[in-house]
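Here's the letter readout for the chains.
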Amino acid sequence: MEPMIATRMGDGAQVAMTRSEIRRELEEGTQAGAKRAKVPPLDSAELDHLLDLYASSSRFTGVDVGEEVVLTYDGSGSKTVGSRMQDLQIYEQMFGADTVELGTADYSFKAVKPILGYEAQTMHDAQLGLTVPLNYGAMPNLGLYSKPDGPAPNWSELLPLVRIDEARAAQEEAIEYAVSDMVQVADAMWEAGADGLDFDTAGAAGDADFLATLKAVEIIRERYPDMGIEVGMAGEFVLGMHGELTYDGVRLAGLWPKEQMELAAKAGATIFGPAVTVNTGRSCAWNVARALTIVKPCSDAAVIPTHMNVGMGVGAVPMSNYAPVDAVSRASRACVDILRLDGL
Amino acid sequence: MPSAHANASGMGGMRAAGDLVARLELTRGMRLTQAKEYVAERLGVEPATLSDPIAMADVRAELGLARIVTFEATYPDEPNAIEAKFNISDLLGIPINCVERFKKRTGRVTAADSGVETGRVTRP
Numbered sequence: 056m057e058p059m060i061a062t063r064m065g066d067g068a069q070v071a072m073t074r075s076e077i078r079r080e081l082e083e084g085t086q087a088g089a090k091r092a093k094v095p096p097l098d099s100a101e102l103d104h105l106l107d108l109y110a111s112s113s114r115f116t117g118v119d120v121g122e123e124v125v126l127t128y129d130g131s132g133s134k135t136v137g138s139r140m141q142d143l144q145i146y147e148q149m150f151g152a153d154t155v156e157l158g159t160a161d162y163s164f165k166a167v168k169p170i171l172g173y174e175a176q177t178m179h180d181a182q183l184g185l186t187v188p189l190n191y192g193a194m195p196n197l198g199l200y201s202k203p204d205g206p207a208p209n210w211s212e213l214l215p216l217v218r219i220d221e222a223r224a225a226q227e228e229a230i231e232y233a234v235s236d237m238v239q240v241a242d243a244m245w246e247a248g249a250d251g252l253d254f255d256t257a258g259a260a261g262d263a264d265f266l267a268t269l270k271a272v273e274i275i276r277e278r279y280p281d282m283g284i285e286v287g288m289a290g291e292f293v294l295g296m297h298g299e300l301t302y303d304g305v306r307l308a309g310l311w312p313k314e315q316m317e318l319a320a321k322a323g324a325t326i327f328g329p330a331v332t333v334n335t336g337r338s339c340a341w342n343v344a345r346a347l348t349i350v351k352p353c354s355d356a357a358v359i360p361t362h363m364n365v366g367m368g369v370g371a372v373p374m375s376n377y378a379p380v381d382a383v384s385r386a387s388r389a390c391v392d393i394l395r396l397d398g399l
Numbered sequence: 301m302p303s304a305h306a307n308a309s310g311m312g313g314m315r316a317a318g319d320l321v322a323r324l325e326l327t328r329g330m331r332l333t334q335a336k337e338y339v340a341e342r343l344g345v346e347p348a349t350l351s352d353p354i355a356m357a358d359v360r361a362e363l364g365l366a367r368i369v370t371f372e373a374t375y376p377d378e379p380n381a382i383e384a385k386f387n388i389s390d391l392l393g394i395p396i397n398c399v400e401r402f403k404k405r406t407g408r409v410t411a412a413d414s415g416v417e418t419g420r421v422t423r424p
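Here the protein sequences come in this chain order: A and B. FYI, the numbering for the first sequence is 56 to 399, going by the numbering used here. FYI, the numbering for the second sequence is 301 to 424, going by the numbering used here.
These aren't lab readings, by the way, just hints derived from the structure by calculation. All C-beta atoms, glycine included, are put in the ideal place defined by N, C-alpha and C. Watch out, some of these pointers could steer you wrong.
Said to hold, decoys possible - In the DSS-like style, the derived pairs of lysine-lysine whose C-alpha atoms are separated by at most 30 Å in a straight line are:
(1) A/Lys321 <-> A/Lys168
(2) A/Lys168 <-> B/Lys403
(3) A/Lys270 <-> A/Lys168
(4) A/Lys321 <-> A/Lys93
(5) A/Lys270 <-> A/Lys93
(6) A/Lys168 <-> B/Lys404
Unchecked claim - Short, incomplete list of chain A residues facing chain B, as computed with Cβ under 10 Å:
(7) Thr127
(8) Ala152
(9) Tyr302
(10) His362
(11) Met367
Work out the full structure: start from the sequences and follow the hints.
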């Protein structure tokens with residue numbers, strides 16, 4: 056009888072599985088990812104390596120010496136423990152972060168605009184006291200531009216009423232508001248001394264949200280050739296809430312990480328962050344196999360640095376406020392070893 | 301979670317040379333291997349050394365790139381923060397935005413004035 060191995064579910068709960076069961080989870084995960092994204096599954100050598108990681112009884116694991124990657128952190132200047140500057144310094148000094156990010160608790164570009172002067176001042180002052188690169192981050196969050204929060208009609212209400220044309224027009228209107236805000240924030244942050252901008256959860260509201268991000272990136276890149284621009288996605292698949300939007304002749308609805316990366320690079324991004332959400336009802340092994348399968352074509356074809364999102368509920372990291380280090384370290388190492396990423 | 305990732309796969313930021321490699325990725329769009337080779341050449345070390353905090357502490361001290369302050373050791377006479385970023389900019393041969401702003405706002409010569417090549421990020 057095979058010994059039981061402690062492993063985790065996607066919500067972080069600890070479960071016991073045999074080595075054979077974990078192998079089966081990996082195989083089912085990669086097949087699920089391959090079927091969903093219409094990409095090749097991981098090969099047996101890759102699955103064997105993942106099995107070694109996820110069937111290990113170690114509390115912690117890490118990449119081989121010399122194989123370390125760049126870690127870009129979002130939300131590291133959000134006033135969690137101390138002041139925002141103290142939080143940034145904690146990430147720089149105590150976590151050894153390679154880059155840090157200033158952001159506000161209401162982490163959307165629309166919310167930043169009314170307090171932009173204060174955010175820019177904080178950026179200016181923080182740059183004087185930090186050595187590592189400091190970005191400014193926020194979410195495009197296109198939904199905020201629809202009623203009642205914003206000026207555009209609410210397409211989420213129009214779509215169920217089959218008022219498709221109106222819903223599309225509303226999203227197109229919202230795109231222009233969002234682009235304006237994102238560019239305005241970029242202008243202020245560059246003037247304040249920021250090293251870069253992070254567009255977090257791009258595509259969260261679907262293809263219109265992704266298009267707004269790409270359009271903003273294009274404008275910002277034209278204005279500021281030296282600015283770092285990071286585009287991190289909200290999920291593995293761009294939802295077609297509009298369905299007919301294109302960028303550079305490519306329809307955005309239905310794009311997977313590889314195509315997302317290509318367009319982000321064309322717009323002018325310097326770092327791309329694919330995201331694959333965690334299924335909390337499946338094991339971490341299942342989730343990591345699925346996530347790596349979906350992202351592998353992106354990392355193989357990368358033309359700009361690819362930093363997989365491996366935060367709470369993405370990239371096979373459990374959906375938990377206190378992600379256990381055994382699961383996080385396995386996901387971290389799995390992404391680096393299999394995908395040969397430029398960072399996380 | 302941040303500390304788990306940092307220990308599992310991170311270059312270590314200022315503990316080693318992670319922040320320097322990150323700058324090349326972020327502002328120049330360099331892939332990891334290329335960025336490591338670039339930084340290693342500039343620092344006069346092998347790429348594999350870039351994540352070694354023991355070796356990099358000496359390099360950072362020698363070149364004025366700032367070191368992490370600990371309870372056991374402080375460096376009040378060494379460049380830190382914005383001071384170190386001046387040195388990082390010169391060493392890597394890339395403009396750093398806040399450094400250029402600092403120069404401009406204090407009446408010093410900026411990278412653009414000096415003819416340092418900027419805008420090296422190109423679209424594929």
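Consistency of the hints with the structure:
1. A/Lys321 <-> A/Lys168: holds, 26 Å
2. A/Lys168 <-> B/Lys403: holds, 28 Å
3. A/Lys270 <-> A/Lys168: holds, 18 Å
4. A/Lys321 <-> A/Lys93: holds, 23 Å
5. A/Lys270 <-> A/Lys93: holds, 28 Å
6. A/Lys168 <-> B/Lys404: holds, 26 Å
7. Thr127: Cβ of threonine 127 of chain A sits 7 Å from chain B, so the hint holds.
8. Ala152: Holds: closest Cβ of chain B sits about 5 Å from alanine 152 of chain A, inside 10 Å.
9. Tyr302: violated, 13 Å
10. His362: holds, 8 Å
11. Met367: Holds: closest Cβ of chain B sits about 7 Å from methionine 367 of chain A, inside 10 Å.
Violated hint: 9 only; the structure is consistent with all others.
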